[in-house]
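Residue numbers (our numbering), protein chains in the order written: chain A, 1 to 113; chain B, 1 to 114.
Heads up, some of the hints might be wrong.
Said to hold, decoys possible - Listed next, the in silico DSSO-like pairs over lysine-lysine satisfying Cα-Cα at most 30 Å (straight line):
#1 A/K5 to B/K14
#2 B/K57 to A/K68
#3 B/K57 to A/K71
#4 A/K56 to A/K71
#5 B/K11 to A/K108
#6 B/K57 to A/K38
#7 A/K56 to B/K14
#8 B/K11 to A/K105
#9 B/K14 to A/K105
Stated by the list, open to error - If you anchor each label on the Cβ, the simulated ranges turn out as follows:
#10 B/Q80 to A/P40: 29 to 35 Å
#11 B/N51 to A/S51: 21 to 27 Å
#12 B/Q80 to A/Q81: 43 to 49 Å
#13 A/Q81 to B/R81: 42 to 48 Å
#14 B/I12 to A/N112: 45 to 51 Å
#15 B/L55 to A/A70: 31 to 37 Å
None of these hints come from the bench; they were simulated from the model. We put the CB at the ideal spot given by N, CA and C, even for glycine.
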Amino acid sequence: DQQVKQNSPSLSVQEGRISILNCDYTNSMFDYFLWYKKYPAEGPTFLISISSIKDKNEDGRFTVFLNKSAKHLSLHIVPSQPGDSAVYFCAARWLSGSEKLVFGKGTKLTVNP
Amino acid sequence: DTGVSQNPRHKITKRGQNVTFRCDPISEHNRLYWYRQTLGQGPEFLTYFQNEAQLEKSRLLSDRFSAERPKGSFSTLEIQRTEQGDSAMYLCASSGTGGHQPQHFGDGTRLSIL
Chain A
1 DQQVKQNSPS
11 LSVQEGRISI
21 LNCDYTNSMF
31 DYFLWYKKYP
41 AEGPTFLISI
51 SSIKDKNEDG
61 RFTVFLNKSA
71 KHLSLHIVPS
81 QPGDSAVYFC
91 AARWLSGSEK
101 LVFGKGTKLT
111 VNP
Chain B
1 DTGVSQNPRH
11 KITKRGQNVT
21 FRCDPISEHN
31 RLYWYRQTLG
41 QGPEFLTYFQ
51 NEAQLEKSRL
61 LSDRFSAERP
71 KGSFSTLEIQ
81 RTEQGDSAMY
91 LCASSGTGGH
101 QPQHFGDGTR
111 LSIL
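Chain A with its partners taken away, still in its complex shape:
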């Protein structure tokens, strides 16, 4: 039973436009959420995170939004660049008792020049 879901396997956007990647979770005990980017033949690279006490966190072109009531988070990339083309994973960690991350299956983003 998937506790972290990324329902879009792929997304294609034009260079310069906004990319919005979505993630839903089922467990209300998650308190920390992260986004990772993965290029082929490389490990996941940490992008940005958000704690459950916040609803938004920004870092340059990347913004993560958290809607706790909907159990939904999204990653916005503005403006999108061809180098952003990669697989993006959403991950979540429990409030206490475990340090493990639970990952979604990923969304492949393609940014077209």
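On the provided structure of chain A, position chain B as indicated by the hints.
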């Protein structure tokens, strides 16, 4: 700034053989994690260490799997009597402690079982 280092990058072995992977974490990180990733899936947690203590193990970690971190620095993951289903990417990550610390991943070891 040295990231998480994993060796080897690729391992091909015959079914039934034992394999061992090594992970060197970021030097100031005292937490170390092992994950496994198969095609089309996100990474799945296997186990984690704080210093030399193994504090959490997943049910995915069968008795054929063992992980160690003897001196609280590098870690090894051994798989005994490998099976076809063990073919995957094995990822190591490390993090600091205190508050919300992101895990930083290495490039993984890809295991192929013939």
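### Query
Which numbered hints does this structure break?
1, 7, 14
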